[in-house]
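**Q** Protein sequences appear in the order of chains A and B.
Each residue of the first sequence is one higher than the last, beginning at 1 in my numbering.
Each residue of the second sequence is one higher than the last, beginning at 1001 in my numbering.
Check each hint, because a few of them may be wrong.
As the list claims (entries may be wrong) - Calculated lysine to any residue pairs in the SDA-like style (CA-CA distance at most 20 Å, straight line): (1) B/LYS1174 - B/TYR1041; (2) B/LYS1174 - A/ILE43; (3) B/LYS1171 - B/VAL1042; (4) A/LYS168 - A/ASP274; (5) A/LYS245 - B/SER1024; (6) B/LYS1005 - A/VAL307; (7) A/LYS337 - B/VAL1164; (8) A/LYS30 - B/ALA1072; (9) B/LYS1134 - A/ASN342; (10) B/LYS1110 - A/SER35; (11) B/LYS1134 - A/SER350; (12) B/LYS1171 - A/ALA186; (13) A/LYS368 - A/GLU278.
Hint data in this document are derived by calculation from the structure and do not stem from the laboratory.
Here is what each chain is made of, one letter per residue.
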Amino acid sequence: MNLIKKLIYLITALHLLLAVPAMAQQRFPKPEFESGYEQPDTITPEPRSLALEYFDVAVLLAVLALASWLALKKRSREGILWLSIFTLLYFGFYRNGCICSVGSIQNVVLSFSDVNYAISAAALLFFLLPLIFALFFGRVFCAGACPLGVIQDLVIVHPIQLPFWLRKVLGLIPYIYLALAVLYAATGTDFIICRYDPFVGIYRMDAPYTMVVLGVAFLLMGMFVGRPYCRFFCPYGVLLKWMSKFSRWHLTITPSHCIQCKLCTTSCPFDAIDYPSEEKAIVGSRAGARKFLLYAVLLPLWVGAGVFVGAKSHAYLSRANQDVYLAELMIAHPEVKDDPDNLDVQTFLSKGRTLEQLVEDARIVRKKFYTGSMIAGGFIGLVIGMTLLNQVIFRRRTDYQPNPGDCYSCGRCMDYCPVDKNTAQLKTAVPVMKKE
Amino acid sequence: MAEDKIKNRREFIRSGMRLSLALSLGGIAGMALSNVDGDGYVWQIDPFECTQCGRCATDCVLTPSAVKCVHAYDLCGYCDLCGGYFKSGYNELSTAGENQLCPTAAIERKFIEEPYFEYHIIEDLCIGCAKCVKGCSAFGNGSLHLQIMHHLCVNCNECAIARVCPSQAIKRVKASDAYKVKGNFTKDA
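Construct all of the structure, not just a fragment, from the sequences and the given hints.
**A** Shown next, in the form of structure tokens:
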């Protein structure tokens, strides 16, 4: 006890000793004014208040609840359309596309890997709420609450159907993107989802040239390919898909029963309507069984290949980390030390950190990348294998149904269904006859 | 009957999967809860780490940058010859002098009394290039320094300047204590 007290006294004394000469370092002491001059204050405007952050969470919750009600209960495409316009204005143009659930993956991941990283409660809720809703009602978040989704949904003009194989191949990109985003966030390197968000520049109405080009390109493509970012890039969509596949309730195309009229098949811009299974396919199922066995055997090979590729590419991937990049640069090109224009190197040299410390830090980061890339690679391999395997699994379907994983619950198909909710008869037949 | 059985089995698998997904979500939430902070976070520059590299002006997602020069009046010596402020025509401007000049003429000064001048940053003109900060730190008291202004900053999830800052001077700070204005000349205070 006594020792601690002594220590405290010693530290305080040291502080006082150090503080006095530090004060004296001021080159030009503040003058003593005789004219009664009053010194102004340094202006420091307050950041956005915390209460408003929680208000955003409340808005998200309200939008999600409303979207679920509109899609599942009210069955109103028009309602969802207006809701998505609200989201475009609020989460898009007012909140500048930030805070968003898509990027919150990285905050959650970083809070796991870095104990010192404090995640804000709002960010955690933005991550969780849409997933919980997807688990109960499907991807209603995509329909009406996602600022990235609604801007694409509103520009759809003439959607074309993409061939099946292309959809499946491009559909692998989100898994790769997710794996990379988690890898980079977990190693504390970068938040790539936020960095390459194509629409945030449009919402901010201020962005570097490349970002504007990327955003406009996505919107132009989105006129003909429905929601290209959502379908073929969005990493959060992967999580939503997993949840939505097993959702408790989900939007249905028909309000009562399907009459197989096929009217809805062309309504979906995202190719997310599953057709009834053909009886012919069942007959040829022996070939299917053989294929299934083959793909099942291939599955571990895919995972192994993924781990191998991950292990091989970890050095390349780790170069995005500032420490690794700088350490490699200074070892490979020692002459950069004399380059006055290389800000990174010059600042490093002036900061008094030794090259050994830097290399040690870089080695720790690279080690993390080694494990991380193998896990990421294995995950991607597993996804490829499972995608193949899923192609040969036969599912019996009697009606036209929205694919629970891919459907964004936008409600377009509901408008096309001619069956009336109450009478279970054709809607149009009744009023036409009355007119006559 | 067979149809019903298949349906029941499917429903059983679905609810099982749903439950495990819900549990894993709960697990993620529980793990993240230990790091949750009720306070908000914003980005701020530590003026003692800043090396005035000039990237604050070029790398912010906003144009002009949300980083501005602030003036800690407590520190200022009210000098006539200011390292951060070059009055055109005051001295013969050599090439070096031109490079140190505020590129947007965002610094103005007011005569107080012989020989003291008060310096003031016109925020609308400042682009956060840190040229004046460099001059003030090198030749003066270091009262001019950069800060992220929070009525402008959009508080990106990851600050675009922090990513390229060569001295890692930009850090997340609590929103309730959002500025690191140099108060007096000691680093600790």
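**Q** Taking the hints in turn, state whether each one holds.
**A** Here is what the structure says about each hint:
Restraint check for B/LYS1174 and B/TYR1041: satisfied, since their Cα atoms lie roughly 5 Å apart, inside the 20 Å limit. Taken as a hint, the B/LYS1174 and A/ILE43 pair is honoured in the structure, with Cα atoms around 18 Å apart against an allowance of 20 Å. A distance of roughly 8 Å separates the Cα atoms of B/LYS1171 and B/VAL1042; the hinted pair therefore holds under the 20 Å criterion. In summary, the hint linking A/LYS168 to A/ASP274 is supported, as the alpha carbons are separated by about 14 Å, within the 20 Å threshold.
The straight-line distance between the Cα atoms of A/LYS245 and B/SER1024 is roughly 15 Å, inside the 20 Å bound, and the hint therefore holds. In summary, the hint linking B/LYS1005 to A/VAL307 is not supported, as the alpha carbons are separated by about 40 Å, beyond the 20 Å threshold. For the suggested pair A/LYS337 and B/VAL1164, the alpha carbons sit about 19 Å apart, so the restraint of at most 20 Å is met. The hinted pair formed by A/LYS30 and B/ALA1072 meets the criterion: a straight-line CA distance of about 12 Å does not exceed 20 Å.
Between B/LYS1134 and A/ASN342, the direct Cα distance comes to roughly 18 Å. Compliance with the 20 Å bound is thereby established for this hinted pair. As the CA atoms of B/LYS1110 and A/SER35 are separated by approximately 14 Å, the hinted pair is consistent with the 20 Å bound. The straight-line distance between the Cα atoms of B/LYS1134 and A/SER350 is roughly 15 Å, inside the 20 Å bound, and the hint therefore holds. As the CA atoms of B/LYS1171 and A/ALA186 are separated by approximately 18 Å, the hinted pair is consistent with the 20 Å bound.
Under the criterion of a C-alpha separation no larger than 20 Å, the hint pairing A/LYS368 with A/GLU278 is inconsistent with the structure, at around 49 Å.
When each numbered hint is compared with the structure, violations occur for hints 6 and 13.
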